[in-house]
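Quick note, the sequence shown lines up with residues 1 to 407 if you use this note's numbering.
Because the hints were derived from the structure by calculation, they are not lab data. It cannot be assumed that every hint is accurate.
In silico DSSO-like pairs for lysine-lysine, Cα to Cα no more than 30 Å straight-line [unchecked claim]:
hint	residue 1	residue 2
1	103	174
2	345	26
3	221	375
4	52	101
5	11	47
Label-pair distances were calculated between CB atoms; the ranges are [unchecked claim]:
hint	residue 1	residue 2	range
6	190	75	51 to 57 Å
7	80	122	27 to 33 Å
8	18	91	18 to 24 Å
9	170	80	26 to 32 Å
10	91	173	22 to 28 Å
11	395	340	43 to 49 Å
12	345	32	26 to 32 Å
13	397	340	42 to 48 Å
14	277	397	24 to 30 Å
Every residue, glycine too, gets a C-beta built ideally from N, C-alpha and C.
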Amino acid sequence: MIEKTDLTHEKAVLIGIVTQHQDEEKLDEYLDELEFLTYTAGGEVEKRFSQKLDSPNPKTFIGSGKMNEVREFVEENDIGTVIFDDELSPAQQKNIEKILKCKVLDRTTLILDIFAQRAQTSYARTQVELAQYEYLLPRLAGMWTHLERQRGGIGMRGPGETEIETDRRIVRDKIALLKKKLETIDKQMEVQRGNRGQLVRVALVGYTNVGKSTLMNTISKSEVFAENKLFATLDTTVRKVVIRNLPFLLTDTVGFIRKLPTQLVESFKSTLDEVREADLLLHVVDISHPNFEDHIESVNQILSEIKSNDKPTIMVFNKIDQYKAEKIEEDDLMTERTSAHYSLKEWKNTWMNRMGDNVLFISALNKENMEEFRKKVYEAVRQIHITRFPYNNFLYPEYDKYGEEKE
Numbered sequence: 001m002i003e004k005t006d007l008t009h010e011k012a013v014l015i016g017i018v019t020q021h022q023d024e025e026k027l028d029e030y031l032d033e034l035e036f037l038t039y040t041a042g043g044e045v046e047k048r049f050s051q052k053l054d055s056p057n058p059k060t061f062i063g064s065g066k067m068n069e070v071r072e073f074v075e076e077n078d079i080g081t082v083i084f085d086d087e088l089s090p091a092q093q094k095n096i097e098k099i100l101k102c103k104v105l106d107r108t109t110l111i112l113d114i115f116a117q118r119a120q121t122s123y124a125r126t127q128v129e130l131a132q133y134e135y136l137l138p139r140l141a142g143m144w145t146h147l148e149r150q151r152g153g154i155g156m157r158g159p160g161e162t163e164i165e166t167d168r169r170i171v172r173d174k175i176a177l178l179k180k181k182l183e184t185i186d187k188q189m190e191v192q193r194g195n196r197g198q199l200v201r202v203a204l205v206g207y208t209n210v211g212k213s214t215l216m217n218t219i220s221k222s223e224v225f226a227e228n229k230l231f232a233t234l235d236t237t238v239r240k241v242v243i244r245n246l247p248f249l250l251t252d253t254v255g256f257i258r259k260l261p262t263q264l265v266e267s268f269k270s271t272l273d274e275v276r277e278a279d280l281l282l283h284v285v286d287i288s289h290p291n292f293e294d295h296i297e298s299v300n301q302i303l304s305e306i307k308s309n310d311k312p313t314i315m316v317f318n319k320i321d322q323y324k325a326e327k328i329e330e331d332d333l334m335t336e337r338t339s340a341h342y343s344l345k346e347w348k349n350t351w352m353n354r355m356g357d358n359v360l361f362i363s364a365l366n367k368e369n370m371e372e373f374r375k376k377v378y379e380a381v382r383q384i385h386i387t388r389f390p391y392n393n394f395l396y397p398e399y400d401k402y403g404e405e406k407e
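With these hints in hand, go ahead and build the complete structure from the sequences.
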């Protein structure tokens with residue numbers, strides 16, 4: 001399977017299509033994300049290609065004219081990798097590789113590659129490997145057709161197993177083995193979670209690259225790996241945090257993303273047990289991203305899939321230092337005012353207002369509004385704790401009555 005390697009920048013082009021379900025604006029947004037994924041994997045995007053189609057071409061995903069245009073650009077600019085924004089069928093991938101004569105990837109393969117690079121622990125590596133094999137299994141026919149022919153001749157006729165069937169069996173056995181290994185590790189982690197005592201558990205959830213690990217470092221004064229790249233965190237990190245005199249456990253989890261491969265959602269569901277067992281969720285959102293509302297929807301959808309959407313949740317809008325509202329010039333009478341032109345104050349008066357006190361605006365990097373953050377988390381954790389242990393009420397007074405916090 002894909003090994004963790006140090007990559008030099010590969011030249012790449014991106015390809016996407018505009019369909020009935022995906023307009024140009026949405027495509028640009030997805031291609032921006034795909035470009036960031038490419039950069040994270042170690043690639044450099046030279047150009048983007050897009051085409052309007054009712055549905056993808058079953059043979060080559062895009063039309064023959066556009067494919068020739070891509071082929072010419074690939075040949076003239078010595079491009080090594082072509083990346084498609086949607087999942088390709090084995091037949092499409094095979095046909096495209098024949099025409100372009102270079103490496104052809106889709107969004108799923110790219111995400112799997114990043115995960116393979118980023119996985120540090122044995123647990124994360126096992127999960128990624130399982131996802132890779134599950135992705136590979138239906139593609140064996142397309143990838144290894146040259147092995148499908150049986151040897152003919154005397155004594156070779158009759159029942160027998162072709163190479164492709166042998167390989168399928170090997171992959172299926174490997175999948176079964178990895179699932180068994182994950183079950184064993186899951187049991188070990190369950191014991192670990194059980195050994196953490198009765199502390200309240202708080203989990204950081206959110207889209208990838210919204211600043212969860214930076215926030216984790218700020219609150220817990222630890223050094224969790226944080227970087228301005230997608231999926232910087234793959235391995236779940238748990239730290240004991242104390243605000244004033246109230247201890248609780250804080251978990252940093254893997255970020256979510258749109259069009260996340262099904263295989264990854266399945267294989268990482270065990271990692272998300274930390275979210276399932278949390279008493280409180282801190283849903284971190286990058287408010288400086290123009291499509292943060294879509295990101296919230298994607299995260300809520302995955303939380304719903306793992307049956308964690310009904311937990312007490314605080315919305316933490318991070319990166320307020322980077323937020324910039326679009327401006328309309330005074331003499332511009334044509335531009336219509338949209339949510340992109342809202343100031344932070346105006347955003348607070350929208351649907352966010354309906355969430356009441358469960359909304360925070362911070363900058364984890366610049367430590368802005370962190371006192372308000374600590375207060376909100378302290379009060380929420382305190383409420384869960386004294387509901388569970390009413391006799392501990394006197395140990396943890398309300399935040400404002402506690403006195404000044406000592407650093």
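Each hint, compared with the structure:
| no. | hint | result |
| --- | --- | --- |
| 1 | 103 / 174 | holds, 26 Å |
| 2 | 345 / 26 | holds, 27 Å |
| 3 | 221 / 375 | holds, 17 Å |
| 4 | 52 / 101 | holds, 24 Å |
| 5 | 11 / 47 | holds, 9 Å |
| 6 | 190 / 75: 51 to 57 Å | holds, 54 Å |
| 7 | 80 / 122: 27 to 33 Å | holds, 32 Å |
| 8 | 18 / 91: 18 to 24 Å | holds, 23 Å |
| 9 | 170 / 80: 26 to 32 Å | holds, 29 Å |
| 10 | 91 / 173: 22 to 28 Å | holds, 26 Å |
| 11 | 395 / 340: 43 to 49 Å | holds, 47 Å |
| 12 | 345 / 32: 26 to 32 Å | holds, 27 Å |
| 13 | 397 / 340: 42 to 48 Å | holds, 43 Å |
| 14 | 277 / 397: 24 to 30 Å | holds, 28 Å |
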